[in-house]
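**Q** As a plain string of letters, each chain reads:
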Amino acid sequence: MSEPPDMLEGGPPGVPATHMTKTVEEKERVVIRFAGDSGDGMQLTGDRFTNATAVLGNDLATLPDFPAEIRAPAGTVHGVSAFQIQFSSRDIMTPGDHPNVLVAMNPAALKAELSSVEKGGTVIVNEDAFVQRNLDKAGFATNPLEDGTLDGFQVYRVPMTSITVRAVEQLGLTRKEAERSKNMFALGLVSWMYGRPMDVTINWLQKKFGDKAQVFDANVAAFKAGYNFGETTELFATSYLVKAAPATPGLYRNISGATALALGLVAAAERSGMGLFYASYPITPASELLHELSRLKNFGVMTLQAEDEIAAAGIALGAAFAGELGVTGTSGPGMDLKAETLGLAVTLELPMVIVDVQRAGPSTGMPTKTEAGDLLLAMYGRHGESPMPIVAAKSPSHCFDTAIEACRIAITYRTPVIVLSDTYLANSSEPWRLPDVDSLPAIDPKFATGPNAGQEFLPYLRDPETFARPWAIPGTPGLRHRIGGLEKEDGTGDISYDAENHERMTHIRAEKIEKIADSIPPLEVDDPDGDAQLLVLGWGSSYGTIRAAARRVREAGHQVATAHLTHLNPFPKNTGEVVRRYPSVLIPEMNMGQLALLIRGRYLVDARSFTKVQGLPLFIEDLEAEIVKVMDG
Amino acid sequence: MSDEPMSEGNGDGSAGAGAPVGTLSKKSFTSDQEVRWCPGCGDYAILATVQSFMPELGILPDDTVFVSGIGCSGRFTYYMDTYGVHGIHGRAPAIATGIATSRPDLSVWVVTGDGDGLSIGGNHLIHALRRNVNFKILLFNNQIYGLTKGQYSPTSEEGKVTKSTPFGSVDHPFNPIALALGAEATFVARTMDNDKQHLTSVLRQAAQHRGTAFVEIYQNCNVFNDGAFDLLREKPQGVHNQIRLEHGKPILFDEDTRCVAVGDNGRLVTANVDAVSPDDIVVHDMHGRPSLAFALAHLSHGPNEPTCIGVFREVERPVYGDAMRAQVEQATERLGRGDLGALLRSGDTWTVSAST
Chain A
16 MSEPPDMLEG GPPGVPATHM TKTVEEKERV VIRFAGDSGD GMQLTGDRFT
66 NATAVLGNDL ATLPDFPAEI RAPAGTVHGV SAFQIQFSSR DIMTPGDHPN
116 VLVAMNPAAL KAELSSVEKG GTVIVNEDAF VQRNLDKAGF ATNPLEDGTL
166 DGFQVYRVPM TSITVRAVEQ LGLTRKEAER SKNMFALGLV SWMYGRPMDV
216 TINWLQKKFG DKAQVFDANV AAFKAGYNFG ETTELFATSY LVKAAPATPG
266 LYRNISGATA LALGLVAAAE RSGMGLFYAS YPITPASELL HELSRLKNFG
316 VMTLQAEDEI AAAGIALGAA FAGELGVTGT SGPGMDLKAE TLGLAVTLEL
366 PMVIVDVQRA GPSTGMPTKT EAGDLLLAMY GRHGESPMPI VAAKSPSHCF
416 DTAIEACRIA ITYRTPVIVL SDTYLANSSE PWRLPDVDSL PAIDPKFATG
466 PNAGQEFLPY LRDPETFARP WAIPGTPGLR HRIGGLEKED GTGDISYDAE
516 NHERMTHIRA EKIEKIADSI PPLEVDDPDG DAQLLVLGWG SSYGTIRAAA
566 RRVREAGHQV ATAHLTHLNP FPKNTGEVVR RYPSVLIPEM NMGQLALLIR
616 GRYLVDARSF TKVQGLPLFI EDLEAEIVKV MDG
Chain B
45 MSDEPMSEGN GDGSAGAGAP VGTLSKKSFT SDQEVRWCPG CGDYAILATV
95 QSFMPELGIL PDDTVFVSGI GCSGRFTYYM DTYGVHGIHG RAPAIATGIA
145 TSRPDLSVWV VTGDGDGLSI GGNHLIHALR RNVNFKILLF NNQIYGLTKG
195 QYSPTSEEGK VTKSTPFGSV DHPFNPIALA LGAEATFVAR TMDNDKQHLT
245 SVLRQAAQHR GTAFVEIYQN CNVFNDGAFD LLREKPQGVH NQIRLEHGKP
295 ILFDEDTRCV AVGDNGRLVT ANVDAVSPDD IVVHDMHGRP SLAFALAHLS
345 HGPNEPTCIG VFREVERPVY GDAMRAQVEQ ATERLGRGDL GALLRSGDTW
395 TVSAST
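Chains A and B supply the protein sequences, listed in that same order. Mapping to my numbering: the first sequence position 313 is 328, numbers consecutive. Mapping to my numbering: the second sequence position 151 is 195, numbers consecutive.
Hints may contain errors.
For the chain B half of the interface with chain A, some residues (derived, Cβ under 7 Å), not all of them [to be verified]:
| # | residue |
| --- | --- |
| 1 | T121 |
| 2 | I132 |
| 3 | A138 |
| 4 | N167 |
| 5 | H168 |
| 6 | D323 |
| 7 | F338 |
| 8 | V372 |
| 9 | T376 |
| 10 | L384 |
| 11 | G385 |
| 12 | L388 |
| 13 | S397 |
Hints in this document: simulated from the structure, not taken from any laboratory. Here a beta-carbon is modelled for each residue, glycine too, at the ideal position from N, C-alpha and C.
Isolated chain A, as found in the complex (with noise of 0.2 Å):
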């Protein structure tokens, strides 16, 4: 990327030459964390503090980190909303191990978050928020501020909450509104540490709030006078300099998992030349998908909000039966539900995609917090002999991907196809390089429009390649057929309850899917030398961790060999001579190893299990030395 000339000389765009005056080091990558009360606004200014830096050229990954609950009592741990960001001037696979900067409003978030913090990591504390009253909500004893809790970090207090109110005083908001606007400061403050240009955030403040004046002034002034001690004060004696990353040429823009997921399912409508029709039941953390295409009206995207999981999945399976692209969006308590639905789509054999984004587990489990549990799940969850392709993303910008690659097996083999995201890779998000519109796949829907067996039409009489049956849409003169949940014949689809027959059709939609394999790329490897003794296999939002343990290893003087897997059903059809190819094969998941034994069963290969189910997307520093361990023997 070519830098602006004030870069160079180590100050970010847009910023008053005043700030010179202070030392500037450069880094190469930092990983911030902002926490604070669920109704401080962390994740606007994390997600604020993201664009700023996705303009600049940084790469970057975050991590949202938020309570179920809207509000929890204000003041308290479980009320702890947190964002986490790592940006730097290398690319980067995750959103940090641990912070470098924890910024904290208020005494529970420093109590909540400071553990994860790096060693004599900095921490900058809204000093106004250390009273008695919150100090006891938050459980200390004594003030943390005080006591050496912070002894080791390198600690800012700052009165934010004064400060802002003062900056905004002129305005003659209440004391409670001036007070709202301190993540502005917040985000202001970090702004300057890190160089972050002013005006992407006032431009957005500007489209946000343009039309009341009062609250886009208060804002400003906050965010303004945020950026401005820090740059004044004695307190900041340096500020931060990380450089643009090397980046494939391209025009870029910043996309969560949820967004690129929702784009996705546009493009596939578009390039398949059929009718989105996204049915969903709210649920976290997949309304985010349902929020995201109800605003695409103009894209043709048809959305209703059912009245629960099983009426999403029967209305989008109707829409389906209809000739349009029938979507359903879900979370795991939502996909028990659509179970039978999935079952009945089946044997429909019809086109439709179910998309799961994953959170922990079981039942209500933590609906904020990311797993992956539920792959043996989209693979088996049935009753009977149900099987369906299941792709899963591994990185938000690859959601797009991932959408459209479901839609396109949905549509071409005449099945249901399971997505599986997670709550990570939703809320997450990362630079994307913008696709060609026209490079993107077409999708040829191929309505049968007349008799396929001389005179007459027969639904079950399929495709030799693919397997693939007629869609024949009601109103298509000629092609009338009842299809249902009972077991069909071969070719025409009358019911039957003949035994052979049963059997035949079982066999043929496995084998059908099984073809799948057909038309998915082979399994790639990652090896650099070629003569690594341990591959580390992967699915979905794992990736990032995967990459950047290995790369850690590797730069270590280690061989390791990494392959992950997008579609989980099939496996690309080398995955058998991939995982046997080496001695050791070790799966990290962010469940109890679903993988692992489906590798295992399906392969007989004893490959080992690292997995973590904490909530939170794996750590590269815990995979590293796991990956040591298992090298060591």
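Let chain A serve as the given structure and place chain B on it in line with the hints.
**A** Just chain B now, with coordinates in the frame of chain A:
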């Protein structure tokens, strides 16, 4: 929405311009599948009446979809030579919602039963009624689970002795008409399996109604609940007990000797015509207050006493799907047809050039 050309019709399937609508007959709607209900089942009569009635609508079988759930009624779909989905238990209204909202050109019919529609699928039924999706629901009420061989259903009377209630059911039954009215249904009617003329007349009115039409059909299960409706549908007692609702007319029955009148406290009662002032005889108004329809629904506790049949209520309300499509059209008009490339580029973007 599909890009296929289609008429933005009234669910009247007029897409088949030039097609031989005029030549439609009962045979046009009869599939080649052998009908396999128990001999003597009321479903045969309903099937024959529906197949005979459909040609009257002038809608091609190609533009007609039947959707059913599980239970004896679920098989109905296979016997109609139309497009059809035999779904899963209770979910037919959901599947049909997907079809009807995405394809306003189709004539969509849901066939369900008292177990399918009111028990396992109760939620979908009430929400379809509330939304006013453009399809017709035929609920075959035989007050028993037939396909699973004789358990009590949500419409079985209290005390009903069945295999699952050997000491009698302690469940209070649903009144399907009252339930539909409570769910804000825009068309609510009741008819009987063996009265071809009445059934046809109700189907006709249901088909003409735009939105969800809810039709409860008393249906005899001669194996597990035989005679449940005999007091209402068989001669001679049926004459005494059938209260045929006709819009705009005084509600008289039993050869006009008895009537529905306003009694003490405003409650509706049945009375001898001689015993009440003519002003107190209720005049049926199916477009009027829902409270009248509700009171008529509650006139009897079940089909063992004078019971109303016919159309209880018919009102107009926006049809679900129309508004959804209107939003799409308005958004497209206002913002222009979405451009995928522009959508991907929305928000803050930056360019990495090849020079470095």
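**Q** Take the hints in turn and mark each one as holding or not.
**A** Hint check:
| no. | hint | verdict |
| --- | --- | --- |
| 1 | T121 | holds (5 Å) |
| 2 | I132 | holds (5 Å) |
| 3 | A138 | holds (3 Å) |
| 4 | N167 | holds (6 Å) |
| 5 | H168 | holds (5 Å) |
| 6 | D323 | violated (44 Å) |
| 7 | F338 | violated (23 Å) |
| 8 | V372 | holds (5 Å) |
| 9 | T376 | holds (5 Å) |
| 10 | L384 | holds (5 Å) |
| 11 | G385 | holds (4 Å) |
| 12 | L388 | holds (5 Å) |
| 13 | S397 | holds (6 Å) |
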